[in-house]
Amino acid sequence: MPRPASPSSSPSTTLSRPRRSSRSVAASAPVSAKTKVNNSPASEESESPWTQISSALRDELGEGVFDRWFSTSRLAALDSKSLTLAVPNSIYQVWIESNYAAQVQAALLSVLGSKRKLNFVVDGSASSSRATAEPVATANEPEADEVRPDAHGLNPRYVFDSFVVGTNSEFAHAASLAVAKSPSRTYNPLFIHGGVGLGKTHLLHAIGHHIARSKRGAKVAYVRSETFTNDFIQAIQTNSLVKFRKRYRQADVLLIDDIQFLAGKERSQEEFFHTFNSLFEGRKQIVLSSDQPPSEIAQLEQRLVSRFEWGLTAELQPPDMETRLAILRKKADGLKVTLPDHVFDYLAHRIKSNVRRLEGALLRVASFASLSGRPLSDESVEHLLRDILQEEARRTVNIDQVQRKVAEHYDVRLADMTSKRRPANIAFPRQVAMFISRRLTKCSLQDIGEAFGGKDHGTVIHACKTVQNRMDKEESLRQVVKFLEASLQR
Amino acid sequence: MKFTISQEAFADGLTNAVSAVNPRSTLPILSNVLLQASGDTLTLTATDLDFTVRTTVLAKTGKQGSTTLPAKRLSTLVKDLPKTEIDVEVDAKSAATLRSGAGVYKIFGLPEAEFPGLPAFDGAVEFKLKSSDLKDALRKTHYAISLDETRYVLNGIFFSFKGDKLTLVATDGRRLALAEVNDLEIPKSQEREFIVRTKAIQELMRALKDDGDVVVRLAQNMVQFDCGPTTLISKLVEGNYPNYVQVIPTKVNERVTVEREALLNAVRRVSLLNTEKTASVRLSFGKGNLDISCNTPEVGEAREALAVPYKGKEISIAFNPEFLMAPLRYLSEDEVHIELIDDISPGVMKINAPFVYVLMPMRVGGA
Chain A
1 MPRPASPSSS PSTTLSRPRR SSRSVAASAP VSAKTKVNNS PASEESESPW
51 TQISSALRDE LGEGVFDRWF STSRLAALDS KSLTLAVPNS IYQVWIESNY
101 AAQVQAALLS VLGSKRKLNF VVDGSASSSR ATAEPVATAN EPEADEVRPD
151 AHGLNPRYVF DSFVVGTNSE FAHAASLAVA KSPSRTYNPL FIHGGVGLGK
201 THLLHAIGHH IARSKRGAKV AYVRSETFTN DFIQAIQTNS LVKFRKRYRQ
251 ADVLLIDDIQ FLAGKERSQE EFFHTFNSLF EGRKQIVLSS DQPPSEIAQL
301 EQRLVSRFEW GLTAELQPPD METRLAILRK KADGLKVTLP DHVFDYLAHR
351 IKSNVRRLEG ALLRVASFAS LSGRPLSDES VEHLLRDILQ EEARRTVNID
401 QVQRKVAEHY DVRLADMTSK RRPANIAFPR QVAMFISRRL TKCSLQDIGE
451 AFGGKDHGTV IHACKTVQNR MDKEESLRQV VKFLEASLQR
Chain B
491 MKFTISQEAF ADGLTNAVSA VNPRSTLPIL SNVLLQASGD TLTLTATDLD
541 FTVRTTVLAK TGKQGSTTLP AKRLSTLVKD LPKTEIDVEV DAKSAATLRS
591 GAGVYKIFGL PEAEFPGLPA FDGAVEFKLK SSDLKDALRK THYAISLDET
641 RYVLNGIFFS FKGDKLTLVA TDGRRLALAE VNDLEIPKSQ EREFIVRTKA
691 IQELMRALKD DGDVVVRLAQ NMVQFDCGPT TLISKLVEGN YPNYVQVIPT
741 KVNERVTVER EALLNAVRRV SLLNTEKTAS VRLSFGKGNL DISCNTPEVG
791 EAREALAVPY KGKEISIAFN PEFLMAPLRY LSEDEVHIEL IDDISPGVMK
841 INAPFVYVLM PMRVGGA
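Protein chains in written order, with my numbering: chain A, 1 to 490; chain B, 491 to 857.
Calculated directly from the structure, the hints in this document are not laboratory data.
Some clues are possibly wrong.
[Claimed, not checked] If you want a taste of the chain A side facing chain B, the calculated C-beta under 8 Å gives, among others: (1) Gly64; (2) Asn89; (3) Ser90; (4) Ile91; (5) Trp95; (6) Glu97; (7) Gln317; (8) Met321.
Being a predicted model, the structure only gives us computed values, none of them experimental.
Where a beta carbon is used, it is the ideal one built from N, C-alpha and C, also for glycine.
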């Protein structure tokens with residue numbers, strides 16, 4: 001299949017950027033009833049070409065430059081030959097003319113289809129009105145913060161600031177941030193996957209918030225794939241597919257959560273396939289989340305899988321000890337509760353699989369502490385959390401599982417794990433299995449030796465040392481061991 | 491009128507004064523220089539109405555008086571005379587006779603009365619500062635003045651006497667240089683901002699001496715720089731200087747200190763492999779190292795490495811070599827601090843003194 005130009009290439013190579021007149025945007029207003037951020041239709045009509053030019057410029061120039069030089073500019077006049085920008089003072093004209101004339105023309109070419117002569121008017125009121133407008137804006141801000149996210153269906157608490165980044169989530173977080181900062185320029189589509197309660201939805205919402213806040217008038221559409229399916233079914237029932245398509249295909253950013261629920265729903269998949277293509281060709285950002293990597297979602301059409309893998313796939317892994325501690329402390333700060341350090345340690349130590357569960361446990365402990373007023377001991381916490389801990393305990397690893405996993409990974413027979421044969425291709429996996437058993441199970445050296453076909457404890461010690469030494473030297477082995485441990489603990 | 495003067499003093503004074511004469515002037519009197527002899531000084535004045543130079547040299551006056559003589563011709567002649575005393579005598583018809591050794595030269599002039607009067611600076615706002623400070627600040631900024639005449643407000647240096655300091659700013663839209671002279675005493679009521687034309691700046695830099703004070707007087711639309719023997723009067727550039735503060739990045743990510751001379755030499759050598767049209771050099775900052783390189787198709791490529799204490803993230807940024815070298819040439823400090831944001835944001839150069847140079851990167855390769 002021929003690959004179209006990559007999304008980050010210059011706009012002149014864009015295949016079909018929709019050239020919308022202000023009229024058609026106004027007509028689409030009912031579509032954005034839910035996602036609408038703009039105020040009066042009049043201002044929207046005159047602003048919309050500029051909004052489009054702005055977003056093209058922002059892509060062209062990057063956030064920093066755009067904010068500095070164009071965010072305070074207004075479109076004063078636009079006709080078939082020229083474009084007049086109202087700028088706060090003359091330095092804008094000087095600097096834009098000298099440095100960004102080519103980029104402005106490129107943006108005009110992509111949005112309007114042709115170049116324009118660039119004129120400037122220094123709008124004294126722009127700077128002063130900005131100065132006076134600012135206090136008003138800040139006065140409104142808290143309200144806007146509360147209301148706007150609801151309009152997009154985003155949880156206001158899920159922002160980048162409240163996301164705790166650890167090595168487990170570093171990559172997914174960085175990718176999300178990059179996407180939020182320059183949508184449809186970096187990674188499109190972005191596919192975030194990871195287990196339950198690791199922060200997929202959080203990142204998705206955070207991207208939505210960031211874009212909605214930094215790009216005025218950007219249409220952010222956040223849906224769970226189930227909602228997408230339901231909407232689609234309803235659209236078929238009420239014969240309003242056109243409306244349905246407009247709603248999804250005119251979004252500037254489409255965030256789809258839990259895409260795995262599309263599995264097995266063939267018509268929905270087909271509809272989504274077309275939505276995906278039309279957004280992608282229009283250089284709109286698409287972000288997807290799922291509990292599995294695209295290729296592992298059963299009953300998902302191959303053409304969707306390949307499209308999902310097209311952009312960037314980022315995995316969220318269970319947090320490590322330090323990250324869990326950081327999450328707990330951040331959460332406790334948010335809840336305005338103070339707990340003794342040993343409780344944090346205890347929770348972080350015992351609950352490993354899932355952030356949501358971790359937060360639930362914290363909440364339970366915190367409310368118990370504040371209701372009972374008694375100091376917390378590890379015993380009382382254990383009693384309090386016994387059901388959660390039991391659930392966690394099911395994840396403890398035994399030697400048998402380790403042997404299976406390692407044998408499977410190295411493609412040796414399970415029987416080789418316990419045999420006395422010692423060719424290198426068997427002996428080394430066996431040593432790795434001993435090493436992992438030593439790290440993940442509570443078994444003694446003797447027990448481990450026993451389980452590996454009656455070896456004595458010295459053999460196990462030697463195995464651990466060998467593997468450790470080789471891990472210190474070999475990157476690939478480190479990764480293998482890490483991978484095996486992670487998959488055992490999942 | 492009659493005076494005796496050494497050839498050197500006369501030639502110096504004339505060179506200074508002639509700079510104000512506009513060779514294309516339509517008024518004949520404006521091609522002339524006004525000579526006024528009195529006591530032991532000779533005062534030379536030349537003007538094109540917008541810009542005036544008045545300079546005083548030592549001379550022995552035989553008979554005091556004044557006249558005007560063709561500036562260009564007189565100055566060329568005097569420069570060519572042998573280094574001895576020159577006797578000058580002017581008759582009632584404004585004809586001057588110069589005697590130098592065995593030579594006798596007679597030049598016809600115009601009466602002094604036709605020469606335009608100088609603008610008065612009575613009761614003008616006055617600022618006094620050290621001559622060397624102003625000269626230094628001008629050196630640090632003048633190269634960034636715009637030569638584009640369609641943007642006439644940028645054809646000069648912006649002077650801001652405000653908040654007990656003088657701020658000088660020059661920009662051409664792609665770079666901006668700012669220097670300050672601190673510790674002045676400026677009462678609130680006397681704070682002034684104005685733009686001085688390029689021509690006046692050039693002459694001012696020549697006229698300013700390394701010691702002593704300079705007095706700046708500001709009237710209506712004129713500024714006067716009184717630098718001891720030489721006084722310059724210039725019309726100001728009308729209009730408002732753009733609000734340059736917007737240009738200076740407020741937040742930078744990386745900062746590194748570089749030896750000025752070493753950087754200048756490396757950039758100069760590397761840029762020798764540039765052709766005029768595509769002139770750019772690339773600075774690639776990596777850990778402890780700065781690579782300066784350029785690559786010109788069909789000409790060749792150059793690379794020089796400079797050890798620098800750089801610890802930040804890798805940044806590779808292209809600049810116009812002339813624009814990059816200009817401040818390096820005119821600064822005198824051993825080290826400059828370079829501050830960067832990323833590959834496409836402006837670079838900033840600073841020194842351990844109030845000076846800022848903002849330089850826009852070049853977008854190479856259509857990025």
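Now the hints, each set against the structure:
| no. | hint | result |
| --- | --- | --- |
| 1 | Gly64 | holds, 6 Å |
| 2 | Asn89 | holds, 5 Å |
| 3 | Ser90 | holds, 4 Å |
| 4 | Ile91 | holds, 3 Å |
| 5 | Trp95 | holds, 6 Å |
| 6 | Glu97 | holds, 7 Å |
| 7 | Gln317 | violated, 25 Å |
| 8 | Met321 | violated, 28 Å |
Of the hints listed earlier, those the structure fails to meet are numbers 7 and 8, in rising order.
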